[in-house]
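Asks: What follows is the residue order along each chain.
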Amino acid sequence: MKLTIQVNEGPYQHQASDSAYFFTKAALEKGHEIFRVFFYHDGVNNGTRLTTPPQDDRNVVSRWSELAAEHDLDLVICVAAAQRRGIVDDGEAERNKKDATNIAPGFRISGLGQLVEGGIQSDRLVVFGD
Amino acid sequence: MSETKKFMYVNRRAPYGTIYAWESLEVVLIGAAFEQDVSLAFIDDGVYQLVKGQDTAGVGMKNFSPTYAALGDYEVTKIYVEKESLEERGLTLDDLQHLVWEDEDDDWAEKDSIRLVSRAELAEVFSGQDVMFNF
Numbered sequence: 001m002k003l004t005i006q007v008n009e010g011p012y013q014h015q016a017s018d019s020a021y022f023f024t025k026a027a028l029e030k031g032h033e034i035f036r037v038f039f040y041h042d043g044v045n046n047g048t049r050l051t052t053p054p055q056d057d058r059n060v061v062s063r064w065s066e067l068a069a070e071h072d073l074d075l076v077i078c079v080a081a082a083q084r085r086g087i088v089d090d091g092e093a094e095r096n097k098k099d100a101t102n103i104a105p106g107f108r109i110s111g112l113g114q115l116v117e118g119g120i121q122s123d124r125l126v127v128f129g130d
Numbered sequence: 001m002s003e004t005k006k007f008m009y010v011n012r013r014a015p016y017g018t019i020y021a022w023e024s025l026e027v028v029l030i031g032a033a034f035e036q037d038v039s040l041a042f043i044d045d046g047v048y049q050l051v052k053g054q055d056t057a058g059v060g061m062k063n064f065s066p067t068y069a070a071l072g073d074y075e076v077t078k079i080y081v082e083k084e085s086l087e088e089r090g091l092t093l094d095d096l097q098h099l100v101w102e103d104e105d106d107d108w109a110e111k112d113s114i115r116l117v118s119r120a121e122l123a124e125v126f127s128g129q130d131v132m133f134n135f
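Here the protein sequences line up with chains G and Y, keeping their order.
Everything in the first sequence is counted per the numbering used here, starting at 1 for the first residue and increasing by one.
Everything in the second sequence is counted per the numbering used here, starting at 1 for the first residue and increasing by one.
In short, the hints are calculated from the structure, not lab data.
Incorrect hints may have been included.
[Said to hold, decoys possible] Computed spacing ranges between beta-carbons, pair by pair:
id, chain 1, residue 1, chain 2, residue 2, range
1, G, Leu50, Y, Gln54, 28 to 38 angstroms
2, G, Ser19, Y, Glu84, 35 to 45 angstroms
3, G, Gly111, Y, Asp37, 17 to 27 angstroms
4, G, Asp56, Y, Leu116, 13 to 23 angstroms
5, G, Arg49, Y, Val100, 40 to 50 angstroms
6, Y, Asp37, G, Gln55, 48 to 58 angstroms
7, Y, Glu104, G, Gly111, 26 to 36 angstroms
[Claimed, not checked] Dumping the calculated DSBU-like pairs for lysine-lysine here, alpha-carbon to alpha-carbon at most 30 angstroms:
id, chain 1, residue 1, chain 2, residue 2
8, Y, Lys62, Y, Lys83
9, G, Lys25, Y, Lys5
10, Y, Lys111, Y, Lys52
11, G, Lys98, Y, Lys62
12, Y, Lys5, Y, Lys111
13, Y, Lys6, Y, Lys111
14, Y, Lys62, Y, Lys78
15, Y, Lys83, Y, Lys6
16, G, Lys30, Y, Lys6
17, G, Lys2, Y, Lys78
18, Y, Lys52, Y, Lys83
19, Y, Lys6, Y, Lys52
20, G, Lys30, G, Lys2
21, Y, Lys78, Y, Lys111
22, Y, Lys111, Y, Lys83
23, G, Lys25, Y, Lys6
24, Y, Lys62, G, Lys97
25, Y, Lys62, G, Lys2
26, Y, Lys5, Y, Lys83
27, Y, Lys5, G, Lys30
28, Y, Lys111, Y, Lys62
29, Y, Lys6, G, Lys2
30, Y, Lys78, Y, Lys5
31, G, Lys25, G, Lys2
32, Y, Lys78, Y, Lys6
33, Y, Lys52, Y, Lys62
34, Y, Lys78, Y, Lys52
Here the structure is a predicted model, which means the values were calculated and not measured.
Note that the Cβ used here is the ideal one computed from N, Cα and C, for glycine as well.
Bound conformation, chain G alone:
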């Protein structure tokens, strides 16, 4: 089955990103195709490489990056939500005259159309959040 995953909450504050990660991992192990993982609302905060969790805790961000590298996942951060919350890649830094970037490896910033396209192209859209 072809799946698009939507993550609506940030890391650590909320379990949604953990659940989405484990679901995505399990789906891949079962042979399903992940068309895209789309990060929306505070979910965009899953894509900053500047997080530094305590060493005895999981690293929610790098876990996504590693899964993306392993399975060639398309991790997309909503641009409108990212601009509000300060998630920045090279393009956004240039466009909005920011002095730094913070996007984590394996993530990219793009538009909401990517979420809608995920809904159209996938057999299921699975949403994680409240």
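On the provided structure of chain G, position chain Y as indicated by the hints.
Replies: Frame of chain G, contents of chain Y only:
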């Protein structure tokens, strides 16, 4: 992308306490360009999103409620409001914005967008959808 799917956007939260209502509307507006069969539903505190006469000056946030009136221009013409959710909050249809769309197949007649439905009826509508967005 010629395939048309039934998209349902479910709005469950009050408009300004969290950003979900506004960012839901942003998906609806962007999604309109994809020419899918779009419906919106307003349930629970989500019915407050459609209340008319909103004034956000006191909370210092943008009043985005006029945007709902533009949905008809985006060919979003099916807006389900759950009857029980209104009643539980002491609201009636008269408390909500009068949302309309123009039917080009009927000499641009203005038609009501809001469909007042019971919880049970809305469950039926949900079961017929292809893609459910929850906000």
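Asks: Work down the list of hints and note, for each, if the structure agrees.
Replies: Checked hints:
Look at leucine 50/G against glutamine 54/Y: about 37 angstroms separates their beta carbons, and that is inside 28 to 38 angstroms. Between serine 19/G and glutamate 84/Y the Cβ separation comes to about 30 angstroms, which falls outside the hinted range of 35 to 45 angstroms. The supplied range of 17 to 27 angstroms is met by glycine 111/G and aspartate 37/Y, whose beta-carbon atoms lie about 21 angstroms from each other. Separated by about 53 angstroms at the C-beta atoms, aspartate 56/G and leucine 116/Y break the suggested range of 13 to 23 angstroms.
Against the hinted window of 40 to 50 angstroms, the Cβ-Cβ separation of arginine 49/G and valine 100/Y comes to about 48 angstroms, which satisfies the hint. For aspartate 37/Y and glutamine 55/G, the hinted distance range of 48 to 58 angstroms is satisfied, since their beta carbons lie about 50 angstroms from each other. Against the hinted window of 26 to 36 angstroms, the Cβ-Cβ separation of glutamate 104/Y and glycine 111/G comes to about 28 angstroms, which satisfies the hint. Between lysine 62/Y and lysine 83/Y the alpha-carbon distance is near 28 angstroms, which keeps this suggested pair within the 30 angstroms criterion.
Of the supplied pair hints, the one linking lysine 25/G and lysine 5/Y holds, its CA atoms being roughly 27 angstroms apart against a limit of 30 angstroms. Only pairs whose Cα atoms come within 30 angstroms are accepted, and lysine 111/Y paired with lysine 52/Y is accepted, the gap being roughly 18 angstroms. Restraint check for lysine 98/G and lysine 62/Y: satisfied, since their Cα atoms lie roughly 24 angstroms apart, inside the 30 angstroms limit. Simply put, lysine 5/Y and lysine 111/Y have alpha-carbon atoms about 23 angstroms apart, close enough for the 30 angstroms limit, and the pair holds.
For the proposed pair lysine 6/Y and lysine 111/Y, the alpha carbon gap of about 21 angstroms is at most 30 angstroms, so the pair holds. In summary, the hint linking lysine 62/Y to lysine 78/Y is supported, as the alpha carbons are separated by about 25 angstroms, within the 30 angstroms threshold. A hinted pair counts as satisfied when its Cα atoms are at most 30 angstroms apart, and lysine 83/Y with lysine 6/Y qualifies at roughly 22 angstroms. For a cut-off of 30 angstroms, the pair hint linking lysine 30/G to lysine 6/Y stands: about 28 angstroms separates their Cα positions.
Taking the CA atoms of lysine 2/G and lysine 78/Y, the gap is about 28 angstroms. The hint holds against a cut of 30 angstroms. Restraint check: the Cα-Cα separation between lysine 52/Y and lysine 83/Y comes to about 17 angstroms, which is no more than 30 angstroms; the hinted pair holds. Restraint check for lysine 6/Y and lysine 52/Y: the C-alpha separation of about 28 angstroms stays at or below 30 angstroms, so the hint holds. Between lysine 30/G and lysine 2/G the CA atoms are separated by roughly 12 angstroms; this keeps the pair inside 30 angstroms, and the hint holds.
Simply put, lysine 78/Y and lysine 111/Y have alpha-carbon atoms about 11 angstroms apart, close enough for the 30 angstroms limit, and the pair holds. Pair hint lysine 111/Y plus lysine 83/Y holds up; C-alpha atoms about 20 angstroms apart against a cutoff of 30 angstroms. Note on lysine 25/G and lysine 6/Y: the hinted pairing holds, with a Cα-Cα distance of about 28 angstroms set against a maximum of 30 angstroms. Among the hinted pairs, lysine 62/Y with lysine 97/G is consistent with the structure: their alpha-carbon atoms are about 24 angstroms apart, no more than 30 angstroms.
A distance of roughly 38 angstroms separates the Cα atoms of lysine 62/Y and lysine 2/G; the hinted pair therefore is violated under the 30 angstroms criterion. Between the alpha carbons of lysine 5/Y and lysine 83/Y the distance comes to roughly 26 angstroms, so the proposed pair stays at or under 30 angstroms and holds. Distance check on the hinted pair: lysine 5/Y and lysine 30/G sit about 26 angstroms apart at the alpha-carbon level, within 30 angstroms; holds. At most 30 angstroms may separate the alpha-carbon atoms for a hinted pair to count; lysine 111/Y and lysine 62/Y meet this at roughly 28 angstroms.
Taken as a hint, the lysine 6/Y and lysine 2/G pair is honoured in the structure, with Cα atoms around 17 angstroms apart against an allowance of 30 angstroms. For the given pair, lysine 78/Y sits about 14 angstroms from lysine 5/Y by alpha-carbon distance, which is consistent with the 30 angstroms threshold. For the suggested pair lysine 25/G and lysine 2/G, the alpha carbons sit about 14 angstroms apart, so the restraint of at most 30 angstroms is met. Of the supplied pair hints, the one linking lysine 78/Y and lysine 6/Y holds, its CA atoms being roughly 11 angstroms apart against a limit of 30 angstroms.
Straight-line distance between C-alpha atoms of lysine 52/Y and lysine 62/Y comes to about 15 angstroms, which keeps the hinted pair within the 30 angstroms bound. Of the pairs offered as hints, the one joining lysine 78/Y and lysine 52/Y holds, with about 18 angstroms between alpha carbons and a cut-off of 30 angstroms not exceeded.
Hint check: violations occur at hints 2, 4, 25; the rest are consistent with the structure.
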